[in-house]
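J.: Please model the entire structure based on the sequences and the hints provided.
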Amino acid sequence: MTKEEPVVAGIDLGSTYTKAAVLARDRVVGTGITPTIVDLDAAAADALGEALQAAGMSRSDLDMTVSTGYGRRGVDIADHQVDEIYAKARAAKWLGSPWGPVRTVIDIGGQDSKVIRLDEAGDMDTFLMNTKCAAGTGRFLEQMAKVLGVPLEELGEIGEGAEHPVELSSTCIVMAESEVISLIAQRRPVKDIVAGIHRSVAERVGNMVKQIGVEEVVFFDGGPARNVGVKKALEEFRGAELYVPKNPQVSAAIGAAIVARDILREGKLPDGKPLEGIEAENPIDHWEGPPAGGGGQ
Amino acid sequence: MPKLFGRKRPNIRDAAAAEVPDTRPSAPRYRWKGGEDEERLDELSRIIVGRAKELIDHYQEQMRKAPSRPEAMAWFDERARFLSSPRIGEIEEHKANGGKVIGTMCVFAPLELIRAADAIPVRLCSGLHNTIATGEELMADAGLCPMVKSTLGVKMTHASPFFEASDAVIVPMVCDGKFKLGEVLQDFMEVWMVNVPHIKDTQQARSMWLDEVRALQQQIETLTGNRIYWEELKREIQLSLRAQTVARRLYDLRKADPPVINGRDSLLVNQTPHTEDLSVWVEHATVLAQELEQRVRDGIAVSDPEAPRIMLAGAPIMWPNFKIPQLIEESGGSIVADELCSGTRWLYDPIGIDEWIWDDMFQAMAERYLQPSVCPCFTPNDPRIGRIKQMIEDFRVEGVVYHVLRGCHIYNGESTRVKQSAEDRGVPMLIIETEYSQEDTEQLRTRVEAFLMLVRARRKKAAKAKRRAFKTIDGSEGGDGA
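Chains A and B supply the protein sequences, listed in that same order.
If you count the first sequence from 1, position 236 lands on 236 in the working numbering, and the numbers rise without skipping.
One rule links them: number in the working numbering = place in the second sequence (from 1) + 1000.
These are computed hints drawn from the structure, not numbers from a lab.
Virtual Cβ for every residue (Gly too), placed ideally from N, Cα, C.
Keep in mind that the hints are not guaranteed to be accurate.
Pulled a few chain A residues facing chain B out of the computed Cβ check, cut under 7 Å [said to hold, decoys possible]: (1) Y70; (2) Y86; (3) I173.
For lysine-lysine, the following DSBU-like pairs were computed, each having C-alpha atoms within a straight-line distance of at most 35 Å [what the hints assert, rightly or not]: (4) K1419(B) to K273(A); (5) K268(A) to K1180(B); (6) K93(A) to K1471(B); (7) K1466(B) to K93(A); (8) K1461(B) to K246(A); (9) K210(A) to K1466(B); (10) K268(A) to K246(A); (11) K1419(B) to K232(A); (12) K1471(B) to K273(A); (13) K268(A) to K1033(B); (14) K231(A) to K1419(B); (15) K1460(B) to K246(A); (16) K1065(B) to K268(A); (17) K1460(B) to K93(A); (18) K231(A) to K1461(B); (19) K1460(B) to K268(A); (20) K93(A) to K1095(B); (21) K1053(B) to K268(A); (22) K273(A) to K1389(B); (23) K210(A) to K1460(B); (24) K268(A) to K1389(B).
These stretches of chain A come out as covered by chain B in the derived footprint (C-beta under 8 Å, 3 or more residues) [said to hold, decoys possible]: (25) 116-126; (26) 266-272.
T.: Below is the structure:
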């Protein structure tokens, strides 16, 4: 393998799952996914090991590894870190969609949700992220599934065909929980409750989309994108069809791997700082502080 | 001149003395069980002070990491050390000699009047997280802004020597939080509530505000036993003008590209006069300004000259809680401007004196606190939008970070409008909602890092567009550059 075709890996340490992706010859050759545990290094090693195994490779084959997600700064195996908003934007551009270039990314994560708008060139133009609140996140769906006693994976289908979706007045996890319990006590059909839950998530995220302005193609990403109920509710709310990538959970990891490839190609980090050991093109990138005698303590 | 306006001449204000409101309770309004356990309070106070010291150590260490920090910052560092600051001793000495200390909140207390009566003004707005739980024992509103509960908690636990030294505190009625805070505080100390008109551009608002300031003057005079005369007021207005001049000078220096001072240092410099003797501050701020001016001439940057130029806007950020500015600057941004009431807004507006006669002086001094203020407690608040737009231009701001404290509805309420007007100028804005605890740093880091990435991408795009435009005009095939 020549230097032009490096083997790179991305690890996304999310609040719920740790995901890894290995890229070679500009293709995803392996992915891995494991629950995030307290020992972030172990979680990262697990996910990466799984991805490498799928690719039939070992760690020594990797030219560079970039981590992303909340736990990105807590792992030693990564050479660099990148924030997941940038990683997502990068992944959406690279993955694209069969309907044309992606212009809007809706991502519902375990703990947060974000909307990213890309410009014509596919670069990040602007983004919006939820406030410190679990409403409109994967954690909300997870908790609601638990209250209703249904598997998270089936939540999407259960809500289909609901005729009178309930209206949840609170979007706070704890408060919504007791609200759902009282709805169960009122013997409202589970179908209607689930549809109401999907709608509340869609409204929350849809409002962010509204603020930022939607442009097609819309790329719907993150674990909850696999939930058809949320997808449908969001489509109804926004009036635009959403494209869900084949493997929505690992796209941030793929994005991080793309960033690793970018770094190797361009010889500098995403923030423009030079990569150690590689000659940068721009002398200003070498700036490390003012000349000696400038003070400091 | 002195004969006409000097000590012996009764001031016109005597004829139109304002009424001092009697709001003090005859008995405590609240039952506070926790207040009876003095041992617990002592323990709490120790923990709070210890944590404050940790925060100070942490942020000062981070601020010193700048590759080329101005040497003149040393004095500000020393004075910012809370309990071990020499200022505590100075205030104790002042009190031992019978002097008074008057606490203030926000930016509405007429500091010139306080100083003219030989009292020391200290700003008491708190940035500490671990006093909030105590504050909530009497203000149990989970959705209320942390500053209000934190400030109350500081008084309840007797953790701050500045608060404890205060013989009275001036609380402006600007927002729901401050409003009720003043009421609760009356169980603990003398509180002077001040009505702040929310529509300020009318004749009735002006005259009401003038009367409010007159009432404050009476309260200050009664407390200190010193009458405020022409000479003292003139002296203090002149001192304020000197401070405002040097503050403007420092402010202008932040326009330098590359930046010659960090945003965190600037913020600290602006907050030092909250408790310091203003005349001493003027001396040190002047030394700092000279050093920075030399840096501009020598082209010495304090940080990466390519760092995105960020403006910090929104709810106040109080030392030692520098979570947000620290995060922005350690993620590679450079805060070149702020419009915080705990930052440049504090000393931004000069007092406009026409003639040095009592009425003019008094009116100009009082109005300075009301008319130019762009606190979102006023409506309509177009001047704030205008000022932010102007700052974006003057400081070549590339991105705005808008700080919202959860529960601070007035700042949050204006955020959409500020965002839209920034975007009209092609400048993106990030709204950060947070509280006082340090635990959400990593969540915020994701947002801040992505935002800085966005700002860099926009800069690149703008440069490309410029080159393209140049090529079209030129007709030649210029290289695309690096």
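J.: Next step is simple, just say for each hint if it's right about the structure.
T.: Each hint, compared with the structure:
1. Y70: Since the shortest Cβ distance to chain B is 6 Å, the answer is holds.
2. Y86: holds, 5 Å
3. I173: violated, 15 Å
4. K1419(B) to K273(A): holds, 29 Å
5. K268(A) to K1180(B): At roughly 53 Å apart (the allowed maximum being 35 Å), K1180(B) and K268(A) break the hint.
6. K93(A) to K1471(B): Holds - the C-alpha atoms of K1471(B) and K93(A) are around 28 Å apart, at most 35 Å.
7. K1466(B) to K93(A): With a Cα-Cα distance of about 25 Å, the restraint between K1466(B) and K93(A) holds, given a limit of 35 Å.
8. K1461(B) to K246(A): Judged against 35 Å, a Cα distance of about 31 Å means the pair holds.
9. K210(A) to K1466(B): Holds, at roughly 31 Å.
10. K268(A) to K246(A): With a Cα-Cα distance of about 31 Å, the restraint between K268(A) and K246(A) holds, given a limit of 35 Å.
11. K1419(B) to K232(A): The hint holds at about 31 Å.
12. K1471(B) to K273(A): Distance ~28 Å between K1471(B) and K273(A) Cα, so the pair holds.
13. K268(A) to K1033(B): Status violated; Cα separation ~60 Å.
14. K231(A) to K1419(B): holds, 29 Å
15. K1460(B) to K246(A): holds, 32 Å
16. K1065(B) to K268(A): Distance ~23 Å between K1065(B) and K268(A) Cα, so the pair holds.
17. K1460(B) to K93(A): holds, 18 Å
18. K231(A) to K1461(B): Since the Cα atoms of K231(A) and K1461(B) sit roughly 33 Å apart, the hinted pair holds (cutoff 35 Å).
19. K1460(B) to K268(A): holds, 15 Å
20. K93(A) to K1095(B): Violated, at about 66 Å.
21. K1053(B) to K268(A): violated, 39 Å
22. K273(A) to K1389(B): holds, 30 Å
23. K210(A) to K1460(B): holds, 27 Å
24. K268(A) to K1389(B): holds, 34 Å
25. 116-126: Since 5 is at least three, the answer is holds.
26. 266-272: holds (count 3)
Hints 3, 5, 13, 20, 21 from the list above are not met by this structure, while the remaining hints are.
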